[in-house]
Amino acid sequence: MSCQQYDKQISQYLADDLSADQRAALEAHVAQCQHCQRALQAERAIAEQLADMPLKALPDGYAAELRARLVNVKPEKPVKTASKLFSRHRKWLVAIAACLIVALSVVPLLDNIWYETTDKAAYEESALSYGEGMVGGEMSEAKGEVSEMDYNEEVLDDVATVEMSRDAAPKMADDLQARKLIKRGTIELSVVDYDVALDNINGLIGQYSGYVENSTVARHQNNSNSRSFDYRKGYMILRIPSEQFEVVFAQLLKFGEVSYQEQTSEDLTDVYRDTVNEIKNLEVRETALRKIMTQAETVEDIITVEAELSRVRGQINDLTGNLQQWDRLIDMSTIQLTISEQPDAAVVQPIDDDLSSRARRAFVGSLNGITHFLENIFVGIVGLLPIIVPILLIIAIVLAMWRRKKK
Amino acid sequence: MSNEKKLIKRAKSGDVEAFEQLIADYQIYCYNIALGMLKSEEDAKDVSQEALIKVYQKLNNFDEKASFSTWLYRVVVNSCLDYIKRQNKLRLVDDSYDDALAQTASPQGDVAQRAIDNELTAIVARSIKQLSLKQRLPIVLRDYLGLSYDDVAALLNLPLGTVKSRLLRARNKLREIVRSDAAFSDDLIADKEVL
Chain A
0 MSCQQYDKQI SQYLADDLSA DQRAALEAHV AQCQHCQRAL QAERAIAEQL
50 ADMPLKALPD GYAAELRARL VNVKPEKPVK TASKLFSRHR KWLVAIAACL
100 IVALSVVPLL DNIWYETTDK AAYEESALSY GEGMVGGEMS EAKGEVSEMD
150 YNEEVLDDVA TVEMSRDAAP KMADDLQARK LIKRGTIELS VVDYDVALDN
200 INGLIGQYSG YVENSTVARH QNNSNSRSFD YRKGYMILRI PSEQFEVVFA
250 QLLKFGEVSY QEQTSEDLTD VYRDTVNEIK NLEVRETALR KIMTQAETVE
300 DIITVEAELS RVRGQINDLT GNLQQWDRLI DMSTIQLTIS EQPDAAVVQP
350 IDDDLSSRAR RAFVGSLNGI THFLENIFVG IVGLLPIIVP ILLIIAIVLA
400 MWRRKKK
Chain B
0 MSNEKKLIKR AKSGDVEAFE QLIADYQIYC YNIALGMLKS EEDAKDVSQE
50 ALIKVYQKLN NFDEKASFST WLYRVVVNSC LDYIKRQNKL RLVDDSYDDA
100 LAQTASPQGD VAQRAIDNEL TAIVARSIKQ LSLKQRLPIV LRDYLGLSYD
150 DVAALLNLPL GTVKSRLLRA RNKLREIVRS DAAFSDDLIA DKEVL
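Chains A and B are the protein sequences, given in the same order. In this text, residue positions in the first sequence follow numbering that gives the first Met the number 0: the first is 0, and each later residue adds one. In this text, residue positions in the second sequence follow numbering that gives the first Met the number 0: the first is 0, and each later residue adds one.
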């Protein structure tokens, strides 16, 4: 190594930042190099000078002046940033998150298990005994504590599910012997005479015990092909008994020229069964709650149980409403029918469809296309202004900050 | 709870006396840090006081797990940097600081040695002000005020390795400047041990 390289290591040597090998090599070199000896002495002298210099004393009146300024200010309230809140309550937040994840994972599993439960007696006994105990003492103690109330709900769920599995299941099996299908159809017909077609449709519906749920008709004017004429267009929603759906659908197709037809069926068997089960669960829970209510002693108990009863009854009503609506749709299938009246006169073709007129139409078409294109661009730009303006502002601010920093 | 923590707690509630006790041992360092970074004693006094007031105001945001002194010194350094930016006074010390350093030479020892030390001190003081702020600051904090490497790294918000490499370059540069000073001669360091 050269003197220059050893020279650079001198301050490290004095700060004891060299490895043993480097230290030994430097010492060996300095021992025989006068130049590096002087450098080492200078470095040592400077370090000693700096270290030995006493601190510069505070100016006279420093403390008094500071105090005069301090009494005029107050410590500010702590700033609770999201990150500080997180770091302060990290353990709790992690615990809550973990509980939520576990709950979300376990609830569906429990749901499946409950459906498979057959041991009614054990559940019923334990649940009812818990319910009795709860009303007497624990419930009043646990007033307002979510965890306790949740646990009670779980127990009641158990009771309800077991009740359902024994009593409700056979009836439900009867209900669900047939598949729960909602049948829907769509037909678009062109007819020569609207009134005749309407009579035919009404006759057909009456024959098969159906009814018209909705019917609208509108008169339109056709100005195409240089010929103007009026025509009617009707829209009907027909409700037909499900077992007659296919027959009626096929008959309707014969009443005019079909431009569009579609049949769909939605299978609600599973969701229907689940809803029936849920209602029965809720009904059993409602019964259990009513039992608890008769044993409630304090006003707080009564209020709590009543609130839960009200919630359960509300759920039952909602789900029953769904079932009734589905029943209506399943019993009576739906056909959406659109009827367009066609003019009986022949369509007259234009007679001047020569080269120049076609060229004129093409020219006008192009102009309209360009205009339409420009309009779309304008609308697009105006529509994007709420996004573009903030982006431009942010870019301008960043550029300004960058320029200032560069300066 | 340590005495410092008790004082911090009292100061947080607006107890000025507790705050004064808290900073009693640190304010001279604050002043000297400012003196090492700014142009004049007057500036150093104003900015260090401003920093101490800022510390008092923001005390409720101080994380008590951290070192109070490091936080305090960092506020002082940042206040000085802000002041320098505002004033655009990118220089270390003026003559008053030069004099201040010169006056701090050791009063002990015989007359000849004191004369040598005074001469060396003056040269070192002159040389320091030729360093850039980037080189000067670690030297003031570490070699003059005697803060630990960790404290310097913490209050400059730099990795320890960066602080050490900056110090190495700054010391080499300072030695180079000192030895090139017209008043410097090998006689001034002749009594220093070599190894």
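A hint or two may mislead.
Unchecked claim - With the Cβ distance kept under 7 Å, some of the chain B side facing chain A (calculated, not the full set):
| no. | residue |
| --- | --- |
| 1 | 56 |
| 2 | 61 |
| 3 | 142 |
| 4 | 155 |
| 5 | 188 |
To be verified - Straight-line Cα separation of at most 25 Å, PhoX-like style, residue types lysine-lysine; simulated pairs:
| no. | chain 1 | residue 1 | chain 2 | residue 2 |
| --- | --- | --- | --- | --- |
| 6 | B | 133 | A | 55 |
| 7 | A | 73 | B | 4 |
| 8 | A | 7 | B | 44 |
| 9 | B | 133 | A | 404 |
| 10 | A | 182 | A | 253 |
| 11 | B | 38 | A | 76 |
| 12 | B | 57 | A | 73 |
| 13 | A | 7 | B | 84 |
| 14 | B | 64 | A | 55 |
| 15 | B | 133 | A | 405 |
| 16 | A | 7 | B | 163 |
| 17 | B | 53 | A | 55 |
| 18 | B | 84 | A | 405 |
| 19 | A | 73 | B | 11 |
| 20 | B | 38 | A | 55 |
| 21 | B | 191 | A | 76 |
| 22 | B | 128 | B | 44 |
| 23 | B | 57 | A | 7 |
| 24 | B | 172 | A | 73 |
| 25 | B | 5 | B | 64 |
| 26 | B | 64 | A | 76 |
| 27 | A | 7 | B | 191 |
| 28 | A | 73 | B | 191 |
| 29 | B | 84 | A | 406 |
| 30 | A | 76 | B | 163 |
| 31 | A | 76 | B | 172 |
| 32 | A | 406 | B | 133 |
| 33 | A | 404 | B | 84 |
| 34 | B | 8 | A | 76 |
| 35 | A | 55 | A | 73 |
| 36 | A | 73 | B | 128 |
| 37 | B | 53 | A | 76 |
| 38 | B | 44 | A | 404 |
| 39 | A | 73 | B | 64 |
| 40 | B | 163 | B | 128 |
Derived by calculation from the structure, the hints in this document are not laboratory data. Beta carbons: idealized from backbone N, C-alpha and C, even for Gly.
Run the distance test for residue 73 of chain A versus residue 128 of chain B: straight-line Cα separation, threshold 25 Å. 37 Å, violated
Straight-line alpha-carbon gap residue 53 of chain B to residue 55 of chain A, limit 25 Å: 23 Å, holds
Compare the distance between the alpha carbons of residue 7 of chain A and residue 84 of chain B with 25 Å, and conclude whether the hinted pair is satisfied. Violated, at roughly 32 Å.
Is residue 7 of chain A close enough to residue 191 of chain B, meaning Cα to Cα at most 25 Å? 19 Å, holds
Holds or violated: residue 76 of chain A to residue 172 of chain B, with C-alpha atoms at most 25 Å apart: 46 Å, violated
For the pair supplied as a hint, residue 406 of chain A and residue 133 of chain B, is the alpha-carbon distance within the 25 Å limit? Distance ~18 Å between residue 406 of chain A and residue 133 of chain B Cα, so the pair holds.
So, residue 61 of chain B near chain A? Judge it on the closest CB pair being under 7 Å. 9 Å, violated
Within a Cα-Cα threshold of 25 Å, do residue 73 of chain A and residue 4 of chain B meet the stated pairing? 19 Å, holds
Hey, residue 73 of chain A versus residue 64 of chain B, does the alpha-carbon distance stay inside 25 Å? Judged against 25 Å, a Cα distance of about 22 Å means the pair holds.
Hinted pair residue 133 of chain B and residue 405 of chain A, Cα distance within 25 Å: The hint holds at about 18 Å.
Within a Cα-Cα threshold of 25 Å, do residue 53 of chain B and residue 76 of chain A meet the stated pairing? 13 Å, holds
Keeping to a limit of 25 Å between CA atoms, is the pair of residue 57 of chain B and residue 7 of chain A held or broken? 43 Å, violated
Of the hints listed earlier, those the structure fails to meet are numbers 2, 4, 8, 11, 13, 14, 21, 23, 24, 28, 30, 31, 35, 36, 38, in rising order.
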